[in-house]
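Visitor: Sequence:
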Amino acid sequence: MSRILISLTMLLALIPFAGCTDDSVPRAKFGNAGSTDGPYGIKQMVVSDTSGGFSDFSYGSVSSYPGAYATISGLGIPTHVKGYWSKDPESTTDSPIYYRIDSVIDSKLALSKIKTLKNAYKNFEHSGASVQVVVDNAHLKILYTFNCFNSSDDCSKKEGSDPNGWIVRSPKDITDVVVLFSGNGETSLKPFPKSPYDSRIIRAVNVGETVVSEATLQDIDLANHEVNDQIVLPATYSVIWRKKLNPDAEYSQWQFDNYKLTGNLSALDTMEESIQAYRNAMNGYVKTSTFDIFAENENLYITYSAACLTDTPGERCKVAEDPQNRWRYFDELGRYAVVLFEGKGDQVPSE
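Here the sequence shown stands for residues -18 to -1, 1 to 333, where the numbers follow mature numbering (1 follows the signal peptide of the UniProt record, and there is no 0).
If a hint is listed, it holds; no wrong ones were tucked in.
Under the rule of at most 20 Å between Cα atoms (straight-line distance), these lysine-lysine pairs were calculated in the PhoX-like manner: (1) K64 - K123; (2) K104 - K140; (3) K300 - K269; (4) K25 - K123.
Please keep in mind that the hints were generated in silico from the structure rather than gathered at the bench.
Start from the sequences, fold in the hints, and give me the full structure.
Guide: Structure, rendered in structure tokens:
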């Protein structure tokens, strides 16, 4: 009897379980990302499927439907979407609007819709399916199509093949689609922290012979983060650094002054206001942003800075002077930065 149970257990272990994965439904080989109301920038848009695979629809600047096109790695039944996009300003005096979404997709319903579309045609034999991401302000849709075009294909359908009315025409009335997801994301007049528009990566910068050896910043959600992590706003800090006193000596003879400093960063609302004012003072396109930690001798600095480029290739942005002196130019960083903290560390003995 025990042998039978063991054999049955082994047999069950060999059976794959893949959620709503269905081999009768083709994996999408093509992807589109577009809009129905003008220019947008899609910087991140990841659609995951029930098999654990995913495709990234962050195709950059888009301005129409179906928009930018690319081959994708065989996307199955969608189960989740996460992304960031922005709407370009209509004039030079306007600012971009930012959006984000992080939502589950009903994969069982999506599978039923895809099967309905696949089995609806009388004579059309598809050569590949497409998944299309379409934005309109905060609204996002994920469409699925077999690219049957009346101008060149027989797209007639079987009677009663779509009892639920799932098959609809695409935004430009050029083909049949089913809507696998339709929902609204969040809207913001400033970039979402830790997004592709404002990455906020913790960075340790070495200055001469002064090296930051350990750095921990606590986020506003009380989670601790270290160098190369992303963070919304630092609420507390703990930093250890050292300065080499005799750099010309042999390795075995090196001597160091060691420092440590921990504390709280106050006025987080004011900190965020300063960051946004700094970003608005730039005359170009803000790229990656960092919380920089660096020291000069016993003096510790924690700053926020961002890379910025203009329309001229290779040209850096200009940053307007701040009458409140919230930011200044740092040779150590090679750019202007918002000063979040500066203070003297406590000298500690060498280990």
